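Undergrad: These are the residues of each chain, in order.
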Amino acid sequence: MKHLLSISDLSKVDAIRILDTAESLSAASDGVVKKLPTLRGRTVVNLFAEDSTRTRISFEAAAKRLSADVINFSAKGSSVSKGESLKDTAQTLQSMGADAVIIRHSASGAAHTLAANKWMSGAVINAGDGTHEHPSQALLDAFTIRQNLARGNSDLAGLHVAIVGDILHSRVARSNVLLLTKLGAQVTLVAPPTLLPVGVEMWPVNISYDFDAIVSEVDVVMMLRIQLERMSEMFFPNAREYSHYFALNTDRLSRMKRNAIVMHPGPMNRGLEITAESADSARSVILEQVKNGVSIRMAILYLLLAGSTEGEI
Amino acid sequence: MSLALSAPDMSRAITRIAHEILEKNSGSETVTILGIPTRGAHLAQRISAAISEIEGNPVQTGTLDITLHRDDLRLRPPRALMPTVIPPLGVEGRNVILVDDVLYSGRTIRAALDALGEIGRPKTVQLAVLIDRGHRELPIRADYVGKNLPTSAQQVIKVHFVEFDAIDEVLLEEGSDQ
Numbered sequence: 001m002k003h004l005l006s007i008s009d010l011s012k013v014d015a016i017r018i019l020d021t022a023e024s025l026s027a028a029s030d031g032v033v034k035k036l037p038t039l040r041g042r043t044v045v046n047l048f049a050e051d052s053t054r055t056r057i058s059f060e061a062a063a064k065r066l067s068a069d070v071i072n073f074s075a076k077g078s079s080v081s082k083g084e085s086l087k088d089t090a091q092t093l094q095s096m097g098a099d100a101v102i103i104r105h106s107a108s109g110a111a112h113t114l115a116a117n118k119w120m121s122g123a124v125i126n127a128g129d130g131t132h133e134h135p136s137q138a139l140l141d142a143f144t145i146r147q148n149l150a151r152g153n154s155d156l157a158g159l160h161v162a163i164v165g166d167i168l169h170s171r172v173a174r175s176n177v178l179l180l181t182k183l184g185a186q187v188t189l190v191a192p193p194t195l196l197p198v199g200v201e202m203w204p205v206n207i208s209y210d211f212d213a214i215v216s217e218v219d220v221v222m223m224l225r226i227q228l229e230r231m232s233e234m235f236f237p238n239a240r241e242y243s244h245y246f247a248l249n250t251d252r253l254s255r256m257k258r259n260a261i262v263m264h265p266g267p268m269n270r271g272l273e274i275t276a277e278s279a280d281s282a283r284s285v286i287l288e289q290v291k292n293g294v295s296i297r298m299a300i301l302y303l304l305l306a307g308s309t310e311g312e313i
Numbered sequence: 314m315s316l317a318l319s320a321p322d323m324s325r326a327i328t329r330i331a332h333e334i335l336e337k338n339s340g341s342e343t344v345t346i347l348g349i350p351t352r353g354a355h356l357a358q359r360i361s362a363a364i365s366e367i368e369g370n371p372v373q374t375g376t377l378d379i380t381l382h383r384d385d386l387r388l389r390p391p392r393a394l395m396p397t398v399i400p401p402l403g404v405e406g407r408n409v410i411l412v413d414d415v416l417y418s419g420r421t422i423r424a425a426l427d428a429l430g431e432i433g434r435p436k437t438v439q440l441a442v443l444i445d446r447g448h449r450e451l452p453i454r455a456d457y458v459g460k461n462l463p464t465s466a467q468q469v470i471k472v473h474f475v476e477f478d479a480i481d482e483v484l485l486e487e488g489s490d491q
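Chains as they are written, first to last, in our numbering: chain D, 1 to 313; chain U, 314 to 491.
It should be emphasised that the hints constitute simulated quantities derived from the structure, not laboratory data.
Bear in mind the structure is a predicted one, so any value in this text is a computation, not a measurement.
Hints are not guaranteed to be accurate.
[What the hints assert, rightly or not] Below, computed lysine to aspartate or glutamate pairings styled on EDC-like, alpha-carbon distance capped at 20 Å:
no. : chain 1 : residue 1 : chain 2 : residue 2
1   : D       : K118      : D       : D155
2   : D       : K35       : U       : E333
3   : D       : K35       : U       : E366
4   : D       : K35       : U       : D481
[Unchecked claim] Cβ-to-Cβ under 10 Å is the rule here; a few derived chain D residues that face chain U:
no. : residue
5   : S8
6   : R17
7   : D20
8   : A27
9   : K34
10  : K35
11  : M202
12  : A213
13  : T250
14  : L253
15  : L303
16  : L305
17  : A306
18  : S308
By construction, the Cβ of each residue, glycine as well, lies at the ideal position given by its N, Cα and C atoms.
Input sequences plus hints: build the corresponding full structure.
TA: Structure (structure tokens):
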């Protein structure tokens, strides 16, 4: 594994290896050891051409716990806002000796472009590209589900996950569908038809337009954010109607299975796709997701950067 | 390929190491045994069981994964991480016995000392190994040795435990092309 660009590049074995590594690393960081010397002397660049709080901070925390040097680079206030191309930016970072670039970009495929063009020799980690993929989020979601519900299994066989909301614009949904089904879970997408992408019938999932019918059958309810910034046209009549049919409210929360959990990748629109009561309930593992995000990203950085890469020996 | 230690040899060596540890530390009360995965962790369990049998009390026993502290990580593909289990009394102020199967370059032990330093400050750190094969690259020596086995760098030592390999034995193999 040289880059982490999309879940579709990973085999089931690779994915489980990342989850197992994260598990060992989370045990290490739960204890007294907060900092490990593993990536000392390596430089990791956070190249964020789109707003982000938790992903950027999570990658930064992960890199620092492994003693890597972190350079944060956001498009605002950099030469990207003066019109510098991705190529020139990448070559600049290469000249400064970046061992890995973590890229978030509004264009789908930006991470692929960076990795395929050999503008730089380091590892490329996709931290979200447009509406395409967000692999580290899917890995931390799978990790959180496994910790809560897998009963010691290494995969997610036999579990049923509902992903609810704006599937159309969601890279989180796309990566999760690929990863969760790869790990043996059954996935049902729940959304109004206007928020499902073209060709969704080809995905290995069930589709439901009726949240009430499915909420009592699933082990995991994963709510997605309504991405107002990506919506230039109307996808539903108004927010109240959307909430009425597709929000996780107290009534739906009470009808979930006994051990079922509530997830949300954040940031939440409280009151729109999820009520405050659901988000703060005992079923909610939303803060666990954030904590696990650091362990997963440490695992990704460890597996990509700690060992030898071709041509280095 | 030759047999360096048979099952009875191994058993006797482990019993002797257990006695030596007890003699040097005046009993097992202050002792914490940490095995280095994977084979060292098994050897640690054996030594711990031998000490318990002699003393009649269980000994603080755990494992210490040192992968994240290795200095040769960049020379090989990424290694799988193993669990670190620190027993309840911790390492602070204890007489910690590090346990590994084979002592060779000494680099694993250096990494173990670093890993241990992150967890706490033991009173003493001692080293027990089943085989010392020489060729040290660092100023490190073992306090308790099952058998000193002079080797050439081409030879390979295989330590087998009944739990893993269905038999207790140590084999010395002539070098392969690697």
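Undergrad: Work down the list of hints and note, for each, if the structure agrees.
TA: Status of each hint after checking the structure:
1. D/K118 x D/D155: violated (34 Å)
2. D/K35 x U/E333: violated (35 Å)
3. D/K35 x U/E366: Given that 20 Å is the threshold and the Cα spacing comes to 38 Å, the pair is violated.
4. D/K35 x U/D481: Not satisfied, since the Cα-Cα distance of roughly 38 Å exceeds 20 Å.
5. S8: For D/S8, the interface hint is violated, since the closest Cβ of chain U sits about 21 Å away, which is over 10 Å.
6. R17: holds (7 Å)
7. D20: Hint on D/D20: holds, closest Cβ of chain U at ~7 Å, below 10 Å.
8. A27: holds (7 Å)
9. K34: holds (9 Å)
10. K35: holds (8 Å)
11. M202: Status violated, d = 34 Å.
12. A213: violated (43 Å)
13. T250: violated (41 Å)
14. L253: violated (36 Å)
15. L303: holds (5 Å)
16. L305: Given a least distance of 9 Å, the restraint on D/L305 holds.
17. A306: holds (5 Å)
18. S308: Because about 6 Å separates D/S308 from the closest Cβ in chain U, which is inside the 10 Å limit, the hint holds.
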